[in-house]
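K.L.:
Same order as they appear, the protein sequences are chains R and U.
The numbering used here puts the last residue of the first sequence at 508; the count rises by one with no breaks.
The numbering used here puts the last residue of the second sequence at 360; the count rises by one with no breaks.
Everything labelled a hint here was simulated from the structure, so no lab data went into it.
Accuracy of the hints is not assured; some may be wrong.
[As the list claims (entries may be wrong)] Between beta-carbon pairs, the in silico distance windows are: (1) U:Asn36 - R:Glu382: 52 to 62 Å; (2) U:Lys213 - R:Lys20: 52 to 62 Å; (3) R:Pro96 - U:Lys349: 28 to 38 Å.
[Said to hold, decoys possible] Cross-link-like lysine-lysine pairs, in silico, DSBU-like; alpha carbons within 35 Å at most: (4) U:Lys294 - R:Lys379; (5) R:Lys313 - U:Lys213; (6) U:Lys294 - R:Lys20; (7) R:Lys120 - R:Lys20; (8) U:Lys11 - R:Lys20; (9) R:Lys327 - U:Lys238; (10) R:Lys194 - R:Lys31; (11) U:Lys213 - R:Lys394; (12) R:Lys403 - U:Lys212; (13) R:Lys183 - R:Lys497; (14) U:Lys121 - R:Lys347; (15) R:Lys73 - U:Lys348; (16) R:Lys327 - R:Lys313; (17) R:Lys20 - U:Lys228; (18) U:Lys149 - R:Lys369; (19) R:Lys373 - U:Lys228; (20) U:Lys213 - R:Lys398; (21) U:Lys294 - R:Lys398; (22) R:Lys313 - U:Lys354; (23) U:Lys121 - R:Lys403; (24) R:Lys379 - R:Lys270; (25) U:Lys149 - R:Lys313.
None of the values given here were measured: they were computed from a predicted structure.
We put the beta carbon where it would ideally sit given N, CA and C, even for glycine.
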Amino acid sequence: MEDNVVLTARGISMTFPGVKALQDVDFTLRKGEIHALMGENGAGKSTLIKCLTGINDFEAGEIHIDGIQGPVKNHSTRDAQNVGISTVYQEVNLCPNLSVAENLFIGREPMTKIHTIDRKSYNKRSQVIMDELGISVDVTQNLENYSLAIQQMVAIARAVDMDCKVLILDEPTSSLDDEEVEKLFVLMRRLRDKGVGIIFVTHFLEQVYAVCDRITVLRDGRFVGEYPIEELPRVKLVAAMMGKDLDDLAEIKKEGAEDAVNNPLEISAKGLSHTGTIKPFNLDIHKGEVVGIAGLLGSGRSELARAIYGADKANTGTLMVDGKEAKINQPIDAMNLGMGMLPDDRKAEGIIADLSVRENIILALQARKGMFKPLTRAKQEELADQYISLLQIKTASKETLVKQLSGGNQQKVILARWLATNPDFLILDEPTRGIDIGTKSEIQKLIIKLAGEGKSILFISSEISEMLRTCSRMAIMRDGQKVGELDRELTQENVMKAIAGGDSSDEK
Amino acid sequence: MKNNKSWNKIKNWPLLLPVVALILVMAVNIIYDAVNGNNPLSFFMITLQQTTSNGTILYGRIIDILNRGSEAAILAIGMTLVVSSSAGTDISVGSVMSLCASFCCMLLAGYGVSSTTTLAKPLIVGILGGLLMGVVCGMFNGTLVAYFKIQPMVATLILFSAARAIGLLLCNDLIVYVRNPSYAFFGSFVGPLPTPLIITAICVAVMSILLKKTALGMYIQSVGINDKASRIAGLNSKRIIFLTYVICGLFAGIAGIVNSSRITSADSNNIGLYLEMDAILAVALGGNSLGGGKFNLAGSIIGAYTIQAITTTLYALGVSAAQAPVFKAIIVILIVSIQSEPVRNFFKKQSAAKQAKGVA
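If we strip away everything but chain U, and leave its shape as in the complex, we get:
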């Protein structure tokens, strides 16, 4: 009986499916390693490695996933809020990442300079500039969606196509290299840990505290579920939707700088390419409805890392980078259909039937 109770608790846990999906991906790794005669747990092995550039660092597939998945996870935070409040997606985040990186690098290198080792302006100016650009993009999207009532997909399509071009304009059509160790910091390591992982952890922590210690979370969900009723109840629905887009833009800025710092350059055409799709997928994998309303931030973060885990796993399995998307698609179809209403209802009915039999 007691057993039953805790099982019910697990069944109703909102993170159950995202976590199961992640475990499934890990299981594939274990089986593959075991079949090939490797240590079955090599997926989880974390070792210390000496490098010439970064000193002693942690090394392993898990660390790699956590490191590489950072940008998608950071974007997923903002995307979750946008989806919840406006029942739409911000498809401009990838391009905005690129624009923020370009602006940041342009400030640090000076306009028209294609490669520099010394910073033209203090590092903090570049970083704040990049983040500010993200906020401005978010305000632009937010204004269109909240105040002009334009469909989120259409509104963010504008920056989706324009932001990269603006970035190129700022960089005078060059790939700007900022080969300065202080800039490379955001994409490398703090002691043994990857910096992007730490930045992600800080972002998640700050957002969680904000959601927990203020009424923001309830406001966003309330507006997402019923904006008219929320307005009558005294919420400023438009301002709240606007705010979520600004937050989303800010996180795109952070992700952009992290990504650019990894390659110590602003490669307008490649930074954040297709990453908006990963962010949206992360939200969906996290068990959040793209129809808006209730959200679960932890689910989205797990979703983002699940996507990265799939990618890393495929590479480990020897799938070529060109073919990886096909397999990724198949896995995503599986995970998403497990979470879908009809499949869940099917399992519910099955267990109900079992219970009925048990009682009889």
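Bound-form chain R, shown alone:
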């Protein structure tokens, strides 16, 4: 084995029913480097990681780990931990109701002489670990008292303390805001300097260039190449991921979107609120208009949309839909008025995991038609085929269970579900989260196209740049309240300023 190399995978292949998930993939990780694993949805990133961590049984190929003779084959995450591979996922797999220290030592608690748990010593050791990593927390506090970012760092600290040589971070930044991401990067760099090899999976290109040393690109389950970061500028990376040069993102334009202001109102909310989540707000959306909601995570972006849609029933205020006062007690009422909502939490509120792609696509249309007017099987299949080809959903067949699809394709299925209902007003809450660049631009184009057909769209995203490309107006959210709107001079800087709340930020 080459010097300095901590993990090599050679010729890894793996098939799922109907799909070759990985074909002859190589991967090399060196000591003290942060190595980005890049690829579009379904390129095989997650599958490769699952092969490394023992969740998937790969069919061919070998994995070697520094200090261990012969090929290593893990059969469980515990095996993987024993050979020094730890993984931290986007969703934190710790116990929120236990203290930070308890979480650090769960399953391997230090014991006293009489075999009871030695609380004092592990609290002390935990504090030392956290201080060393520069994470300022009180280790006796329950984990749930800390932000998601801190929770993630605790998960990382736990992994590091278990003598891991390889740390895999799978989309760790998806639910973090910029400041939290920066903190995470500081921690990652510190670990790199200690000699840990880090595999970093993310969809955010900026983050790759901010923190990584090397990039491995996968495409359609195959190894494309391994590059030092200096040799692969952004455009080339995108090209490598997609297999073609792409300048599409720049081409998207919102033609005629400005004229939409003169169209009649589709949605007009006055003093709408939901106790505890969103304070009373007014919002008008014209037909054919794309309105964005900008704000930090937890600023009330999703909650505003949910109050309109009836996902959380509004406690006060009135809502006019297409000029008529609407009473919305639950989502089906909103749907009957021509609304649709793609929720931000795909797993919890989007997909019906154990149903097929076909059933997931027709679900909302069927729900609106009612139980006693079932769509014929032929009609269902026609709809499914239509949207699978329209949105280029990658699936083995329309009868494949939706849980077997990659995240981005699941998102497309839910989008298809709403397009099938032909809504007049569509709420898209983070439709591009966890989705590769190619699909992102497709979805953005689709939004513009829908608006062109006279549909109104409420677009929520953490990426201001994609809202700038699609929206003609933005509502600004802060602390569970709508604090204003921007309709002129929509630039990244202006939106950021508005979100930060111009005056108050000067006080710092």
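Since chain R is already given, all that's left is putting chain U on it; use the hints.
P.N.:
Relative to the frame of chain R, chain U by itself:
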């Protein structure tokens, strides 16, 4: 190659395991009969027999199983839906059966009458009353589970313990006998066929048509898999869960009347005793996950008859009624573990390894 394809088709057939379980039980019968020098196929023999009360009827072990298994099969229909939609079980069905039977008999005999040969009210009033009672019980359970978000086991525990007592109250603490041939009809024979079997067939047929011709089946599964997402997609998750409990209650009512009609009485303490367990087991034997979500109605029905086949087989083998549950338990352990994930994966791996060798 072609052979391989059809084998794969069979392997992926959802009813494979329930059917194999049923065949296994039958095989035990065949072997036992053969060893004892009887006709090995006597298990399957159906003969015509003259009886004084019912005229010419079909007779045989199979008929007996189909007849006796009716109540469990009827309950299994409702239980399947409840398990699918709410990832919980309705443990009150046995008691609700008893309550419905008591209410029905009380209406037919009149309050406080312990034995009658003439009906106090038209038969249809008694039957509809009994079924209505089942629906009301289902609504009670459904309200607690769907709208008050109480754990299904806890919510249905209330009627599990109370329903029998309410039944006794309605019957003035008596065992009410309705010795009228028109009432006995539901537990006896139509021509040569047992009535309970026909009632079960009708129940299954109606439910299958309902699931096939409406979107009910997809609604229930969708809610069972992810009720939050279903709500966002426009389904009224609570109402659908509520509905499954009402359907389950209705079927408990039907099963209760069938059972009571067999003995032409309302024996509150014994009707449907432990039958809720058979119904739940039938769902599990049918290859349905008790964690909710996807369901297979045919599997549950086969499961219910498998349980009855085991019981009947044990009696035929000469096992005493008191000892039968022990053997039943052993057989159930076997069947359930064959269906379990680790065992299935083991067999999958074995066949995959074989295939790999074949290719090499």
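K.L.:
Hint says 28 to 38 Å; check whether the CB-CB distance for proline 96 of chain R and lysine 349 of chain U agrees.
P.N.:
37 Å, holds
K.L.:
Hey, lysine 403 of chain R versus lysine 212 of chain U, does the alpha-carbon distance stay inside 35 Å?
P.N.:
Given that 35 Å is the threshold and the Cα spacing comes to 24 Å, the pair holds.
K.L.:
Below or equal to 35 Å on CA atoms is what counts here, so check lysine 11 of chain U against lysine 20 of chain R.
P.N.:
Holds. Lysine 11 of chain U to lysine 20 of chain R sits at ~22 Å (cutoff 35 Å).
K.L.:
For the pair supplied as a hint, lysine 313 of chain R and lysine 213 of chain U, confirm whether the alpha-carbon distance does not exceed 35 Å.
P.N.:
33 Å, holds
K.L.:
Given the range 52 to 62 Å, decide if the beta-carbon distance of lysine 213 of chain U to lysine 20 of chain R lies inside it.
P.N.:
40 Å, violated
K.L.:
Checking one constraint from the list: CA of lysine 294 of chain U to CA of lysine 398 of chain R, max 35 Å. Satisfied?
P.N.:
17 Å, holds
K.L.:
What's the verdict on lysine 379 of chain R and lysine 270 of chain R, does the C-alpha distance respect the 35 Å limit or exceed it?
P.N.:
40 Å, violated
K.L.:
Checking one constraint from the list: CA of lysine 373 of chain R to CA of lysine 228 of chain U, max 35 Å. Satisfied?
P.N.:
23 Å, holds
K.L.:
Does lysine 394 of chain R sit within 35 Å of lysine 213 of chain U, going by the straight-line distance between their CA atoms?
P.N.:
30 Å, holds
K.L.:
Below or equal to 35 Å on CA atoms is what counts here, so check lysine 149 of chain U against lysine 313 of chain R.
P.N.:
Holds, at about 18 Å.
K.L.:
Lysine 327 of chain R and lysine 238 of chain U: Cα distance at most 35 Å?
P.N.:
19 Å, holds
K.L.:
Take a quick look at whether lysine 73 of chain R and lysine 348 of chain U sit within 35 Å of each other, Cα to Cα.
P.N.:
20 Å, holds
In summary, the numbered hints that this structure violates are 2, 7, 14, 22, 23 and 24.
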